[in-house]
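Peer 1: Next come the chains, spelled out residue by residue.
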Amino acid sequence: MAQDNAPIKLSVQWQDMPNDGSLDYFARSNHLSSRSIRLAESEVIILPNNTALSVASSDKHIFAPATKEVLSVLQTDGIQVQIYDDGKEKQELILKSADVILPILLFIEKVALPLGLGILGKWIYDRWIKAKTKSPTSIRVEYAQVEKDGAIVRWRRVEGPVNDVYRLLSEETSALAEEIRKT
Amino acid sequence: MKGDSRKDAGEVTEEAEWSTQCKDSASAALRVANNLIEEAEKALKEGKRVDAETHYRSSLVNIREALLWEPEEAHSSYLHNIGHRIHDTFGCQLEFKDGLYWITCPVMLSHIKGGFSIGGSGRVVCSICGGNTIDCPHSKGQVYRNVVASKNYGICNICEKKECEHEEGQTYDRARAFGIVVDLEFDHVSFVRNPANPLCAIQSYSMSESDLLEMLPEEEHDQITYGDSVIPCHHCLVCNGM
Chain A
0 MAQDNAPIKL
10 SVQWQDMPND
20 GSLDYFARSN
30 HLSSRSIRLA
40 ESEVIILPNN
50 TALSVASSDK
60 HIFAPATKEV
70 LSVLQTDGIQ
80 VQIYDDGKEK
90 QELILKSADV
100 ILPILLFIEK
110 VALPLGLGIL
120 GKWIYDRWIK
130 AKTKSPTSIR
140 VEYAQVEKDG
150 AIVRWRRVEG
160 PVNDVYRLLS
170 EETSALAEEI
180 RKT
Chain B
0 MKGDSRKDAG
10 EVTEEAEWST
20 QCKDSASAAL
30 RVANNLIEEA
40 EKALKEGKRV
50 DAETHYRSSL
60 VNIREALLWE
70 PEEAHSSYLH
80 NIGHRIHDTF
90 GCQLEFKDGL
100 YWITCPVMLS
110 HIKGGFSIGG
120 SGRVVCSICG
130 GNTIDCPHSK
140 GQVYRNVVAS
150 KNYGICNICE
160 KKECEHEEGQ
170 TYDRARAFGI
180 VVDLEFDHVS
190 FVRNPANPLC
200 AIQSYSMSES
210 DLLEMLPEEE
220 HDQITYGDSV
230 IPCHHCLVCN
240 GM
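Which chain is which? The protein sequence lines are A and B, in order. Residue 0 is where the first sequence starts when you use numbering that gives the first Met the number 0, and the numbers rise one by one after that. Residue 0 is where the second sequence starts when you use numbering that gives the first Met the number 0, and the numbers rise one by one after that.
These are calculated hints, taken from the structure and not from any lab test. A few of these clues could be false.
Mimicking PhoX-like on lysine-lysine, the simulated pairs with C-alpha atoms at most 20 Å apart in a straight line are [unchecked claim]:
(1) B:150 with A:133
(2) A:109 with A:147
(3) A:109 with A:181
(4) A:59 with A:87
(5) B:150 with A:87
(6) A:95 with B:47
(7) B:150 with A:95
(8) A:131 with B:150
(9) A:133 with B:112
(10) B:139 with B:150
Cβ-Cβ distance ranges computed for the label pairs, FRET-style [stated by the list, open to error]:
(11) A:133 with B:152: 25 to 33 Å
(12) A:129 with B:34: 41 to 49 Å
(13) A:129 with B:236: 41 to 49 Å
(14) B:239 with A:11: 31 to 39 Å
(15) B:34 with A:130: 34 to 42 Å
Built from N, CA and C at the ideal position, the CB exists for glycine as well.
All chains, please: the whole structure from these sequences, using the hints.
Peer 2: Here it is, written out as structure tokens:
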């Protein structure tokens, strides 16, 4: 009997990360210091991807290889952004495959959220879609928004083929911009 | 700042360099394969069948290597073509070892997509300034000028080669920043669709009795005694790699 070997196509969609709405929980989940986050003085903090490996370390942070590129594109477009720093050693995530994990973006200022995600989306488009460079097998985008009172308003992640992720990021950006416009 | 930033128009991108490397590596592998095939044909003419078969089967490894570097139909077709020739001249069967049948033929293995990728973390130093790449002011992939050549960690920071003509202490322009991984902490090995090193591919896999029976027509099941039967392979008769 002939077997159907066609791969099952899973739909790519945003995943809301489980959390209790508190910055402390968010920080603990990502092996970060909530105090260091509160002390940050920028609109966006680029966070390490400490949970990307099987075991998280207590004495260092693991940053995505694209951290500096993302920092640069956000800064170039006028966003106040900094790389998370609590004094621990910073190392890089090393994955020898075509999968790309982007750094986690934590938005402190609500207004920066659609702008920052829009810039990120444009960078993804220019880097992999427009340039027609060899696309990563999958790309992961993750972001969170924290209010001034320390509440995590949203924390979402999407992972999949670059065209799908770009499309979802664009839709998310538009929806957030509309939400801000209405408030 | 150590290393002035200037992005040159027309500078070769990393992707273009990687593409060239893949092409060159595939060509080199094919040259080796073609030499082996020549040796095989010469041996066959001289009646040296054992040598001929050895050379032919070795050539399959190199053609598959070319295919891994450049996954193109032409390479796949060539691989199957030579495989067919080997099948018709010498016959092919599954290897039995350590209580299992094994697929070791590069032609069969060429149908498995994917390979192995390591994952971990490491302290990565900047080739331009030697600082931590996360904290230093340089960006990987960006081209800098006035870069002082050094061969820390055995790699030239100007050209990324182990051996070159760049002199340590001299200043050079057009040095692309890259990261040098030191103190790698290994975490896992994954099986992924696109490993960074295309040669990290499966080299052989075993077939249990159930795997084997699944591949054979039901009417042949009673004819097989796992471990005792010689299992022929006729893959190249039914597949041309296209």
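Peer 1: Given the hinted pair residue 131 of chain A and residue 150 of chain B, is their Cα-Cα distance within 20 Å?
Peer 2: Status violated; Cα separation ~34 Å.
Peer 1: Are the Cα atoms of residue 109 of chain A and residue 181 of chain A separated by 20 Å or less?
Peer 2: holds (13 Å)
Peer 1: Given the hinted pair residue 150 of chain B and residue 87 of chain A, is their Cα-Cα distance within 20 Å?
Peer 2: Roughly 28 Å between the alpha carbons, so the hint for residue 150 of chain B and residue 87 of chain A is violated.
Peer 1: So does residue 239 of chain B sit 31 to 39 Å from residue 11 of chain A, Cβ to Cβ?
Peer 2: The hint (31 to 39 Å, Cβ to Cβ) holds, given that residue 239 of chain B and residue 11 of chain A are roughly 35 Å apart.
Peer 1: Okay, residue 133 of chain A versus residue 152 of chain B on CB: inside 25 to 33 Å?
Peer 2: Cβ of residue 133 of chain A to Cβ of residue 152 of chain B: about 27 Å, so the range 25 to 33 Å holds.
Peer 1: Has the given pair, residue 150 of chain B with residue 133 of chain A, been kept, meaning a C-alpha gap of at most 20 Å?
Peer 2: Violated: residue 150 of chain B and residue 133 of chain A sit about 31 Å apart, past 20 Å.
Peer 1: Can you let me know if the beta-carbon spacing of residue 34 of chain B and residue 130 of chain A is within 34 to 42 Å?
Peer 2: holds (38 Å)
Peer 1: Are the Cα positions of residue 95 of chain A and residue 47 of chain B separated by 20 Å at most?
Peer 2: violated (44 Å)
Peer 1: Residue 129 of chain A and residue 34 of chain B, beta-carbon distance inside 41 to 49 Å?
Peer 2: holds (42 Å)
Peer 1: With a cut-off of 20 Å on the C-alpha distance, tell me whether residue 139 of chain B and residue 150 of chain B pass.
Peer 2: Between residue 139 of chain B and residue 150 of chain B the Cα gap is close to 18 Å, so the pair holds against 20 Å.
Peer 1: Has the given pair, residue 59 of chain A with residue 87 of chain A, been kept, meaning a C-alpha gap of at most 20 Å?
Peer 2: The given pair, whose Cα atoms are some 5 Å apart, holds under the 20 Å limit.
Peer 1: A range of 41 to 49 Å was offered for this pair. Does it hold for the Cβ distance of residue 129 of chain A and residue 236 of chain B?
Peer 2: 45 Å Cβ-Cβ, so the 41 to 49 Å window holds.
Violated hints, listed in ascending order, are 1, 5, 6, 7 and 8; each of the other numbered hints is respected by the structure.
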